[in-house]
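Please take these sequences and the hints and turn them into a complete structure.
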Amino acid sequence: MICSVSLLHVPPLPHRASPTPNPITHLLHNFSSPFELKQVHAHLLKTNSPLSSIPLLRVASVCALNSSFSYAKLIFELVDASEVALWNTCLRSLAEGDSPVDAISLFYRLREFDVCPDNYTCSFVLKACSRLLDVRNGRIVHGYVEKLGLQSNMFLLNMIVHLYALCGEMGVARMVFDKMPQRDVITWNIMIAQLVKRGDIEGAYKLFVEMPERNVRSWTSMIGGYAQCGKPKEAVDLFLEMEEAGLLPNEVTVVAVLVACADMGNLDLGRRIHDFSNRIGYHKNIRVCNTLIDMYAKCGCLDDAYRIFNDMEERTVVSWSAMIVGLAAHGQAEEALAFFNKMINTGMKPNAVTFIGILHACSHMGIVGKGRKYFASMTKDYGIIPRIEHYGCMVDLFSRAGLLQEAHEFIMNMPIAPNGVVWGALLGGCKVHKNIKLAEEATRHLSELDPLNDGYYVVLSNIYAEAGRWEDVARVRRLMRDRGVKKTPGWSSIMVEGMVHNFVAGDETHPQTEEIYKTWEKLLERMKLEGYVPNTSVVLLDMEDDQKEKFLFRHSEKLAVVFGLIKTGPGTVIRIMKNLRVCEDCHAALKIISVVSTREIVVRDRNRFHCFKNGSCSCGDYW
DNA sequence: ATAGGGTTAG
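Read in UniProt numbering, the first sequence has 463 at position 463, and its numbers run on one by one without any break.
Hints are computed from structural coordinates only; laboratory data are not their basis. One should not assume that every hint holds.
Derived lysine-lysine pairs resembling DSBU-like cross-links, with alpha carbons at most 30 Å apart [stated by the list, open to error]:
1) 550 - 434
2) 548 - 487
3) 518 - 548
4) 518 - 613
5) 434 - 373
6) 197 - 284
7) 370 - 342
Across the chosen pairs, the derived CB separations fall in these ranges [unchecked claim]:
8) 474 - 216: 55 to 65 Å
9) 450 - 369: 26 to 36 Å
10) 528 - 244: 46 to 56 Å
11) 600 - 175: 28 to 38 Å
12) 600 - 497: 10 to 20 Å
13) 287 - 338: 17 to 27 Å
Even glycine gets a Cβ: it sits at the ideal position worked out from N, Cα and C.
Here's what the structure looks like:
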C-alpha cells in the first residue's frame, strides 16, 4: 500500500464543510477514539474506498494518543518520509488546532516510544504550551531543548522567552534572555512587548534604547505602550522619531499613535495620520477606521468621525460603539440612541461598551426613564452582566437628575462592591443639588476607597463653601494637607499651527500674555453689552467681589480662547482641551463669546464636550 | 517554526 504524500497535509479540520453530509466521511475526519476508527475502517473495507480518502496523520495521531502507538508507527511505515517529520506534522496540527493539550500528550508518548524529538518537535510543543499558558510543561520542554543540545537555537529560545513571559514568569524570561549567546530583533521585541503588556514601560524603554537595531515592531510596541499607559506625549514623540529614522508605520503603528492623538486631543497629527492611511491603503483596515472614529470623536470632530463610519465597507460592534460613545460625550443623546437602534436593526449585537455609551448618553441628558429601561434591557435582552462602569453610569444618571436618595439606595443594593467612581458620581450630584448630608456620606467612603484623589476633597470643600460653612472648608483643607493630597492645577490648552499652547489660571508665562489680557478687556466690554454678568459665586475663596472677578477673568479656558481668537482667522473653530471641568462662569462666558466673535468653540472637558455656538452649548447646560 | 492592533463611567 502506497499513499500519496499530499495526504500528509490534510489537517484534522473539524470545521471543514463536507459537500456531502455523509456520516462516515464526517466520522473519518472527526473521530477521536479507536472505536470510531474501527467503524470507519469497516465501512471503508465494505465500500472499497480509495486509500487517498483517509487522513493518515489524523489516524496516526488518534491512535498514538489512544494507546495504539505501535499501530500508528505501522501507518507511518506506509509513508515515504522520515518518522520525526511525520510526527512533527501531527504535532503542528494539534498545536494549532483546538486541542493543544493533545500536542503535549503526543510529545510525551513520542519520548516513551523512543522517537527522538528535534528542533521542530520542540517548537510545536512550545507553541502548544504558549497557547495553554502551560509553564509547567514549558519548563520540561525547555529542559529537553537543553538536553538535545539545542540551547543555541535562537528560534527555540525566543519561543521559550516568550512562553515564560506570557505565563508571568518575567524573572525567568529575563534570565534566559540574558544568558542567550545571540539575540535577534525578535528576541528583543518579545521582551519589550511583554514588559509593555505587564505595564513596565520603563523596563521596556531601557531595552528599547539598548537594543542594537530596531524595526517597526520595536517602535510600535513602545508607542502602543506609552499610548496605553496615559503618556500620549511620549507616544507621539516616539512616533515622530520613528518617522525621522525613515521607517514606514504599519497598521498597528497607526492604531497606536491614533490612540495617543485621541488621548491628547492632537487633531493635527491625527489628520496627518489619516491622510497617510488613505494614501497607503490602511483606510481599508477596520481597526484603523475604528480608531480614526474614536480619534475624531475625541478631538471634537463628530462630522469627521461619522464620515469615516459611513465610508466603511464593513463594521464591527466596535465601530458602532465608538460612534455611540462619541455621540454621548458630545451630549447628542438622541442621535446616540438612534445609532443604537440602527445597529440593532442591522443585526449587530451590542456589547458592554456599547451600553456604557448608551447609559452615558442618558445620564448626560438627564433622560432617567430611558436610562433605567436600557439598564434593564442590557441583561434581559442581551445577556450582558453590568460591570462597575455601568453601575457608575446609573448612579451618575440618578445623581445628576437630583434623585439622590435613589442613587444612594442603588449603591447600597449593588451586587458588586462600589468603587470610588460610583461614590464620586453621587458626590458630584450632591454638589449640583446641594445635599451636604449625602455628600458627607459619600466622602466617608471615598476617603477609604480613593484617599489620594484630590478631586473629591475639592468638591466637598466647594459644597461647604457654597453653603458659607468656611470652618468646614478649612477642615477639609487641613485634611488634604495632613494626607499630603495636592490640588491638581487646572490647565487649558489650544493647538495653533502645530504648537500646543498651555495655560494655567492667572498665567503670565506665555510670551503673548500682555496681548491676551488686553484683548480680553476689549472682549469683556462687548460681552457685557450682550448681557454677560460675572458669576463670582464660583470663586470659592472668602474675599470681596471685585477681587473674585480678577480670579474669574484669569481662568485658563478664557485665556486659551482669547489666544485662539488672536491667532486664528475669522470663522475658524476654536478647540480647547481642559484637564478639569469647565466652571459655571466660564461656561456662561464662552456661550457669549461664541456670539460676539461669531466663532464655534469646542471645549473638551475632563469627561465630555461642550460645543459653543450662537450663544448656546451642545450640553444644554446640563453637565 | 519565533513577536502585536480598537471602543469603557466621574
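Each hint tested on the structure:
1. 550 - 434: This hinted pair holds, its Cα atoms lying about 26 Å apart.
2. 548 - 487: 19 Å, holds
3. 518 - 548: 19 Å, holds
4. 518 - 613: 24 Å, holds
5. 434 - 373: 27 Å, holds
6. 197 - 284: 27 Å, holds
7. 370 - 342: Roughly 17 Å between the alpha carbons, so the hint for residue 370 and residue 342 holds.
8. 474 - 216: 55 to 65 Å: Because 56 Å falls inside the window, the suggested range holds.
9. 450 - 369: 26 to 36 Å: 31 Å Cβ-Cβ, so the 26 to 36 Å window holds.
10. 528 - 244: 46 to 56 Å: 50 Å, holds
11. 600 - 175: 28 to 38 Å: Given about 58 Å between the Cβ atoms, the range is violated.
12. 600 - 497: 10 to 20 Å: Hint holds: Cβ distance 19 Å, inside 10 to 20 Å.
13. 287 - 338: 17 to 27 Å: At 25 Å between Cβs, range holds.
Hint 11 alone, counting from the list given before, is not met by this structure.
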